[in-house]
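Respectively, the protein sequence lines represent chains A and B.
Here UniProt numbering is used: the first residue of the first sequence is 1, the next is one more, and so on.
Here UniProt numbering is used: the first residue of the second sequence is 1, the next is one more, and so on.
The hints are simulated quantities; they were obtained by calculation from the structure and are not laboratory data.
Honestly, I wouldn't trust all of these hints.
As the list claims (entries may be wrong) - So the derived label-pair ranges between C-beta atoms look like this:
#, chain 1, residue 1, chain 2, residue 2, range
1, A, MET144, B, ALA276, 28 to 36 Å
2, A, ARG194, B, PRO84, 40 to 48 Å
3, A, GLY255, B, TRP283, 53 to 61 Å
4, B, TRP283, A, PRO183, 34 to 42 Å
5, A, MET144, B, ALA32, 26 to 34 Å
6, B, GLY230, A, LYS212, 26 to 34 Å
Stated by the list, open to error - Straight-line alpha carbon distances no greater than 25 Å define the calculated SDA-like cross-link-like pairs of lysine to any residue that follow:
#, chain 1, residue 1, chain 2, residue 2
7, B, LYS229, A, MET166
8, B, LYS165, A, VAL233
9, B, LYS165, A, ALA179
10, B, LYS165, A, ASN6
11, B, LYS80, A, TYR117
12, A, LYS123, B, SER231
13, A, LYS123, B, LYS80
14, B, LYS165, A, LEU151
15, B, LYS165, A, MET166
16, B, LYS165, A, ARG80
17, A, LYS123, B, GLY230
18, A, LYS126, B, TRP148
C-beta atoms are modelled at their ideal positions from N, C-alpha and C, and glycine is treated no differently.
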Amino acid sequence: MLDIVNISKTFNPGTVNEKKALSGVSLHMERGDFATIVGSNGAGKSTLFNAIAGGFITDQGSISLAGRDITYEAEYRRSRQMGHLFQDPMRGTAPHMTIEENMALAYLRAGKSQRAYFSRVSKADKAAFREQLARLGMGLEDRMRQSVGLLSGGQRQALALLMATMVPPDLLLLDEHTAALDPETADKVLTLTREIVAGGNITCLMVTHNMKNALELGNRTLMMDSGRIVLDVGGEARKNMTVEELLVQFKENVGKGLDNDRILLS
Amino acid sequence: MLYIVQTALEAGALYAPVALALFLSYSILDIADLTTDGSFTLGCAVSAMVCLAGHPILAIPAAMAAAAAAGFITAFLQTKLAVPSILAGIVTNIGLYTVNLMVMGSSNRSIFRRETIFSLAEGLGLGSATKLVVCAVVVLAMCAALVWFLGTRLGLSIRATGDNKDMVRASSINPNFTITVGLCLANAMTGLSGALVVQSTSSADVNMGTGMVVIGLAALVIGETLIGKGSMVRRVLGVLAGSIIYRIIYAAALRANLPAEYMKLVSAIIVGAAIAAPAIKRWIGFEKQKHAALAERRDHRA
Chain A
1 MLDIVNISKT FNPGTVNEKK ALSGVSLHME RGDFATIVGS NGAGKSTLFN AIAGGFITDQ
61 GSISLAGRDI TYEAEYRRSR QMGHLFQDPM RGTAPHMTIE ENMALAYLRA GKSQRAYFSR
121 VSKADKAAFR EQLARLGMGL EDRMRQSVGL LSGGQRQALA LLMATMVPPD LLLLDEHTAA
181 LDPETADKVL TLTREIVAGG NITCLMVTHN MKNALELGNR TLMMDSGRIV LDVGGEARKN
241 MTVEELLVQF KENVGKGLDN DRILLS
Chain B
1 MLYIVQTALE AGALYAPVAL ALFLSYSILD IADLTTDGSF TLGCAVSAMV CLAGHPILAI
61 PAAMAAAAAA GFITAFLQTK LAVPSILAGI VTNIGLYTVN LMVMGSSNRS IFRRETIFSL
121 AEGLGLGSAT KLVVCAVVVL AMCAALVWFL GTRLGLSIRA TGDNKDMVRA SSINPNFTIT
181 VGLCLANAMT GLSGALVVQS TSSADVNMGT GMVVIGLAAL VIGETLIGKG SMVRRVLGVL
241 AGSIIYRIIY AAALRANLPA EYMKLVSAII VGAAIAAPAI KRWIGFEKQK HAALAERRDH
301 RA
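So that you can see chain A by itself, here it is in the shape it has in the complex (with noise of 0.2 Å):
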């Protein structure tokens, strides 16, 4: 589904900012993978979803996703088979839009023809964004008019996961979605995005910080250090690996402990 083939990427190159970002990163994720990266700090987590996402084109390597070669496809373009959550929950919605206009645009742009500038949503469309918007439990479905920026942070960051997903992506990148939200509404969203990645069985590379998440959610952990992949572990290690294990692996690959400020070993 994914092929990433030795990508590297250099910023402000020749400068005394220089810093090599990504340095041959390489990955494959067949359908339904759903690998969880950790990293330490300035690891290139998100520089590598920012790479896959078309922010920048790389300095070297492919990427292809689905078959396709998008090495050198524009941001918007790749956007149509990809779904991005970030971890600030204003990026993902138009807040001056109503919840329905927002879940429009999400179905229309990936649905029917790309050229098909002018058509709306049907009656049937809105029932359907009713009853998605239902599954998340949040009371939603009876606010469809109301504007986006009057949502939490966590119904935001909610709805920002079921518009990424309603028409199932090739890939979902979420960069630390749950992050800047309250444990309880971050377990919320967690749950959600279990379900409807397993629902659709949609490939998808989740950041985070939280150890314990790193092995439970998805069949592979990726760590990442000093914008490669230093560890990659999925199937029977996996299942019974701890968070302990997962650290000494790190150490021993990478040399040195896993420097993150903002780490959650529980």
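Given chain A, put chain B in place with the hints provided.
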């Protein structure tokens, strides 16, 4: 009195498309489009020339297309060539001055006694209300089209572009495309207004558009402040009402023997005050709180 109201309604409808254009570019896309003055005049010029050639109805779409092309230039400058949006508008606007002179062949053109859409409509037997009815039909049709458009996929994309750029980039909308479509449409509306005004007054002048952006903003701000936000229908009709209210103020000011040139200053003050209002409110609130707190502290000490 009735005459004043009718004139205000007429002028309100004639200039309403400018306010609606700014509603699209300023309120929705969050771009201050300074092409407005020039594209209004371009609408006037094209409309006048096509009327002189004998096609008053064709003059309307021709003026709109010409003004949309002007909007395209501004959009191209800011999306493809990274010119800051305000500067892009100013650059196009200055260039349009010459273009407008070229279109008209001189600094003004009269279409007096020529066929216009208003003279064509005289046969309908509406008497003195002819102008008002024609304007109202055209403008209401435009409002309906605008509301409809803003609910389509493209319209929603344009609204999202002005609301949350981050979201737009991550959701398969090309912001360069939506900005371009938005500015073309906005300027087409401005051009429509120019086309109607010329056919209504029977003369075109190269300076007709001067200050039009501020007049349009004044109408927009009045509409948004008095009618407020809400559904798209309400917002669009609010802008239309704002345009009419502005013209009523204008007519009243003229009645009070205020020279017509003074209206540009009045418009500037309305716009400046209305856009500054939130900041002024915040400042007053802060001062109030501070004085109350200081007074309490003094009482405490005493």
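Self-check item: Hint numbers not upheld by this structure, sorted from lowest to highest
Solution: 6, 7, 8, 10 and 13
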